[in-house]
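Chemist: The listed protein sequences correspond, in order, to chains W, R and B.
Just so we're aligned, residue 1 is where the first sequence starts under our numbering, counting upward by one.
Just so we're aligned, residue 1 is where the second sequence starts under our numbering, counting upward by one.
Just so we're aligned, residue 1 is where the third sequence starts under our numbering, counting upward by one.
No wet-lab data here; the hints were simulated from the structure.
Check before you lean on any hint, since a few could be wrong.
[Claimed, not checked] Simulated crosslink set (EDC-like; lysine to aspartate or glutamate; CA at most 20 Å straight-line):
hint: 1; chain 1: B; residue 1: K235; chain 2: W; residue 2: D152
hint: 2; chain 1: W; residue 1: K57; chain 2: B; residue 2: D217
hint: 3; chain 1: W; residue 1: K16; chain 2: R; residue 2: D150
hint: 4; chain 1: W; residue 1: K16; chain 2: R; residue 2: D314
[Said to hold, decoys possible] Short derived list, chain B residues pointing at chain W, Cβ under 8 Å:
hint: 5; residue: V167
hint: 6; residue: A170
hint: 7; residue: D171
hint: 8; residue: G173
hint: 9; residue: Y218
hint: 10; residue: T220
hint: 11; residue: S224
hint: 12; residue: G226
hint: 13; residue: R316
The C-beta atom is built at its ideal place from N, Cα and C for all residues, glycine as well.
Here is how the chains run, residue by residue.
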Amino acid sequence: MADTLLDIRGLKTWFKTDDGLVRAVDGVDLRIDRGETVGVVGESGCGKTVTARSVLKLIDMPPGRFEGGQILWQGRDLIPLPNEDMDKIRAREIAIIFQEPMTSLNPVYTVGDQIAEVLRQHQNLGRKQAIDGAIEMLRLVNIPNPAKRAHDYPHQFSGGMRQRVMIAMAMSCRPKLLIADEPTTALDVTIQAQILELMQEMKQRLGMAIMLITHAMGVVAETCQRVVVMYAGKVVEEAPVEALFGNPRHPYTQGLIRSIPRVDRAAGADHKQRLEAIPGTVPSLLEPPPGCRFAARCKYAMDVCRQAMPPLKEVAPGHFVRCVL
Amino acid sequence: MAGSTPVSLTAEPQTSGAAVVASGAAARPKARFSPAREALRRFRRHRLAMVSSVVLSVIVVAVLLGPLVWRVPINEIDFAAKLEGPSWAHPFGTDDLGQDVLARLLYGGRVSLAVGLCAMLVAAVVGVFVGAIAGMSRGAVDAFLMWLADLFLSLPALPLLLLIIYLFRESLKSVLGPEGGVFVMIVAVIGGLRWMQVARLVRAQILSIREKEFIEAARALGASPLRQVVRHILPNALGPVIVAATIDVAAAIIAESTLSFLGLGFPPDIPTWGRVLFDAKDTIDIAPHWALFAGAAIFLTVLTINFIGDGLRDALDPRRVL
Amino acid sequence: MSRQYVLRRILIAIPSIFGISVVLFSVLALAPGDPFSELAANPAIPPEVAAALRAKFGLDDPVWTRYWHWLVAMLQGDWGFSFASRINVDTLIMQRLPTTLIVIGAAQLLAIAVALPVGVLAGTRPYSIFDQIANTLAFIGFSLPTFFTGLLLILVFSVQLDWLPMVYRADLGATGGQWWWEQFKQSIMPVAVLGLFQGASLVRYVRSAVLDVVRLDYITTARSKGIGERAVVIKHVVRTALIPVVTLIALQLPVVFGGAIVTEQIFRVPGIGSLLISAMLANDTPVVMAITFVISCLVVIFNLFADIIYGWLDPRISYR
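Let the hints inform the model, and build the full structure from the sequences given.
Modeler: Below, the structure is given as structure tokens:
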């Protein structure tokens, strides 16, 4: 039995807005075991980011609230945990890196100071030691000339470098889980590969688990052991990576995989292949339809799909699908 | 950017522009809410702005129609009744010459409000003009105009206003009559010292929209720069400009009142609110009602205008809270 | 912060002073009539002085020369002779300038001391009861003209309660501790009027700056580091929100001088504001011109300080 670090059960994170209650995350189960990389995929608005931020309780609670469910970290429910106790978990046990490296670092403090801040908080280091630790972290993420660069400001780094700094900051206390919220979406393609490689390297050195949130299926195929597919606030499929790509059961997953642009297909065929998109748009999270939320865009949709939400069924060992098919 | 998740999920509770809703409510029909109706809806939610609109309307109506209804003359001197507190005959009391304070305030209000409105128009027109030119021309012209705006922002308004009045008082009186001359001068100077903010807003709007696709499209279809500005850019800049203009009215009223309070504004026989306060300040210990009503008139008008401006800001420019 | 940045800001300030001087001089030159008509009429002015003044202001020379002579004279502190007070204008102004600067300085400090904590609290708890009350009070604060507030305070504290003196005296008889107490009592109302007016608009600026910063990504990053909400607010939110606030305080400076003029009139504080008014009423042109010039230069100089502080606070700027 693998060592389960994070066990999200039935999480519901809703937001009160002018137009009503937005059910961004509406009953999501997610499990991450020690040392594994789990990919969370889905298009924008499906609730991936809200799920990620919910784990560290980084959601603004006046408009947002936890409507139900549990977030179990090594058996302990984080939802009722007061902020002071959450602070002991943040960065020390669970770290997070965000999508936009250009705006994720404070522009008025040096990069070294920002990394040192984490070290001083969680490891009680003095100022000099913390800066030294920061320099070490910068060296670890392959930033050239780290001793000098530690005294530079974020605007003096490129996007890819800043993301490395973010990774250095996140890794500095050797957390057990790294949540990476679309870490490469805002970067150039060549830099993307470097960052992913860096993350793999860190994972191997520290034996860390990763929750990789992305909408790029190709990245998932390369780096993850398990994949969770989300749609409109719910999990629609979950499977080990080979099973997901080899035998996708949910029509949405199939659509996602088919829509990956592939150069080889076009080259080999005698006629050009059209890029397949999934028609339609994400339904409103304000008043979600009663049945399966993908029904409006699904070409196999039947009446029974629209009437009631299908439950998550295990169709093969470790392979769950929320579909009547 | 395709597939980007909202940068931050911290939506303010009362805004409908929450990023989460935007991505989650894509299919919901919003077509029935035109921008104007949306703005009105948001404005109505600002309680203080709504109350202020009512109060300000009362003040404006009182000032415009009051003298027709309350027919007590403003300069009927009656020493026997001097410095009396509020009574049925004189709801706001009398001043040191026995004149009715209410009548004087109603009459003077017309001037004060007129100055406020006209100064705002001057500032708005000059500001839109300068901002449009700066935004559309870029390069040296833009740089020069912005330097000019910065220069004007460093000019201390009140001392300069005082200086100009001091130097031009006599000649303007001879050309336009004492009231007209001072009116033109005050409106021109106050307006002339407040165009910078509007110019900046218009210019910023132009710079941000200039490069957007629909302007490229308009240009490709042969729209002249003037047409581009008027039809496409200005409507978008309208929101912040309206908010700035509202604040300008309040600022102009305070500026004119300050001038009159220092004894350097309109001629003494015109009872602008500041002037009344100037007259009232020396007997404030024995006749506080006089100064209090005048001061309250200025305060209430400016306060309501400021609240309305805030409401307009929420309605037309909801992201920024300044 | 680079030396180049400071140098550049200083270099930019110089054309501003030139520009202002051009504006002021143009106003003076365009003014119809002879602003120095008092010269001829006033028997107290010795003819040599009158002639020297006419020469200095070059009333018979072409405009460019006049401007240049005037500018050089102003920059050297040679501001002429006051008709009304019968002493050199620069002596007169230097006598009264410190008082004005002290009152303005104290008022500004009061404004910041009140507005910063209130604004930060309101910005970090938007739409809460505290925020709504603070907001409403701020609106009331900057909608009350300073002359009205001044009069009200005099009515309450001097007339009704007789706690504070109505008139500011530069020549307090007392010494030592008693002097400080008297000074405090007479300063508190003008400083409070000016400071609270400034503070009211500053509260809204601070609140808005905080609201703008709080929703930014790096604040979420700061929270995710587990350093505690208080550290997030103080070390990250306030520190970065201060940057636009400094600019706003600098932009308000011209308004502050205007407010000082009014306050000095009401409380009869012997500063350059009240001097300006009395000079205007006495048709004492050299004094009027000199004070306007001095105030304008002070605004430019304070703006320069603000720019430098801004460069110190925001590392992105000074490296450009």
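Chemist: Hints first: check each against the structure and report whether it holds.
Modeler: Tested hints:
{"no.": "1", "hint": "K235(B) <-> D152(W)", "in the structure": "18 Å, holds"}
{"no.": "2", "hint": "K57(W) <-> D217(B)", "in the structure": "15 Å, holds"}
{"no.": "3", "hint": "K16(W) <-> D150(R)", "in the structure": "43 Å, violated"}
{"no.": "4", "hint": "K16(W) <-> D314(R)", "in the structure": "19 Å, holds"}
{"no.": "5", "hint": "V167", "in the structure": "47 Å, violated"}
{"no.": "6", "hint": "A170", "in the structure": "44 Å, violated"}
{"no.": "7", "hint": "D171", "in the structure": "48 Å, violated"}
{"no.": "8", "hint": "G173", "in the structure": "51 Å, violated"}
{"no.": "9", "hint": "Y218", "in the structure": "4 Å, holds"}
{"no.": "10", "hint": "T220", "in the structure": "6 Å, holds"}
{"no.": "11", "hint": "S224", "in the structure": "5 Å, holds"}
{"no.": "12", "hint": "G226", "in the structure": "3 Å, holds"}
{"no.": "13", "hint": "R316", "in the structure": "5 Å, holds"}
Consistency with the previously given hints fails for numbers 3, 5, 6, 7 and 8, ordered from lowest to highest.
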